[in-house]
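**Q** One letter stands for each residue in the lines below.
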Amino acid sequence: MQYLVLVIDDGAGSATAAEDAAIDAFNDRLQDEGNWVFAGGLASPSAATVIDNRGGGEALFTDGPFVESKEYLAGFWIIEAPDLAAALKLAAEGSRCCNRKVEVRPIL
Amino acid sequence: MLQPEGRGAADPVSQTDVQEAITRAHREEWARVVASLTRRFGDLDIAEEAAAEAFATAVERWPADGVPPNPGAWLTTTANRKAVDRVRRESKRYDKHKEAQMLDDDDPPEPVGAIEDDRLRLIFTCCHPALAIETRVALTLRMVGGLTVPEIARAFLVQEAAMGRRITRAKVKIKAARIPYRVPSAEDLPARLSGVLAVLFLVFNEGYLATGPDTDPVRNDLTAEAIRLTRLIRALMPQDGEVAGLLALMLLTEARRTARVSASGELVPLDQQDRGAWDAALVAEGHRLVRERLAAGVAPGRYQILAAINAVHTSAADMRDTDWSQVLALYDQLLHLDPSPIIALNRAIALAELDGPEVALAAVDRLEDKLAGYHAYHATRADLLRRLGRSQESRAAYDKAIDLAGNTAETAYLTRRRHQLV
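Chains A and B, in that order, give the protein sequences. Mapping to the working numbering: the first sequence position 102 is 1424, numbers consecutive. Mapping to the working numbering: the second sequence position 407 is 1147, numbers consecutive.
The following block holds chain A by itself, in its conformation from the complex (with noise of 0.2 Å):
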């Protein structure tokens, strides 16, 4: 089963180098033990825009994330794992390594 690791920060901005090599190290954890789907960092919420053409027609392009908020995402994991156990235990290690709360969602 694949669980959605997302990757919470509430204004740390960017990893520092430590952080960098600690996630790193993470990864290659993860590719080794078959745990490894995909994974990303993503550009502040600045830099969002949110599409909605849910209508057909012209869509509607909004400057800036789809919610305005003190925490936001600043990247993701896809994991592979057997159940929400051994996911956890995986997300609890990926927060630690990236110094930031993470959560974690099924995916369907």
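If you are wondering where the hints come from, they were derived from the structure by calculation, not from laboratory data. All the pointers check out, no bait thrown in.
Here are the simulated SDA-like cross-link-like pairs (lysine to any residue), alpha carbons at most 20 Å apart as the crow flies:
hint, chain 1, residue 1, chain 2, residue 2
1, B, Lys911, A, Ile1429
2, B, Lys915, B, Val827
3, B, Lys915, A, Pro1404
From a predicted model like this one, the values you see are computed outputs, not experimental measurements.
Mind docking chain B on chain A? Use the hints.
**A** Chain B alone, transformed into the frame defined by chain A:
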């Protein structure tokens, strides 16, 4: 088992006997049925619904057909059929092979060991840390305890619909996020078990000191349920010291239940309780467990220390015979494990008996930062100030305690003490 040997199913059966058999089967078999169905179908919702339907069928059929010789096996078989029916109804494309397997598999009951393991799995799943604590409590009472949603809603003063939603959301999360149905691995077990015990202690405490202006001060249904579930875990994990400790703590507390609230609904503090009214059998059982843990010679955890403190109290025939230095030493040991201000407050109460109210008051006052919003902090101060003859300050402390107390019996007691001040 419930019927005398040789009594056939067709014999007329007394309705009281049948009622009793159903109640007893519910108490003894509910968790087993839900647990074994959850393992088989991998779905708590199916297991819960099928178990409820099986018990409803028993209520319908047993009065006419008689109580089956093995009620547990009958209920499991019936619930299995109900679950298979539901799975079939829900999925027309259901794998025929799998279905045939399930239908074949409904007679011989599982060996006892495997079934007991299932109940442990169920408990650990319901108490998974990815669920909110209130949800863990509700889910445990429903799935393991067999309480109905309206019963649980009443117990926690929540609207029935809201409680129903909470339990439904939990089941959806367990399924969608795949919270595993298993006993945690050895390395995770201590932390996870302490989470389970915390849930049971919460249920017990809500029964022991119920909150809310319209609630009974003591909710026997909740304390009894917490004790029953803790006994179950004790039976499943007899070697664990903290399980034994929590059970002993509950029993020694429950033993004092009737002496704790007066006829007029007022809380009676330990020093004024009629010790003859304590339940001697529960006290004896609690003491036995505490002695068992002492003999084990393993460093005790917090529940074992709390149980030991209660054992000291319940060993004294009179308040004046209490071995306060022993109580104080146990609180020191507890503070070492868990440096919480509430434990420090309780320690100060023992300190007052040994070194007098002035020393104790100084210790209590040091906790103001952390406990200013806690009624027992002000109640303790009020009592110490009263003993020191500082009536005016005592009165102010009683007022704060009365303001913050949520339990009707406790409010009544504090109000009377306040009025007795001169």
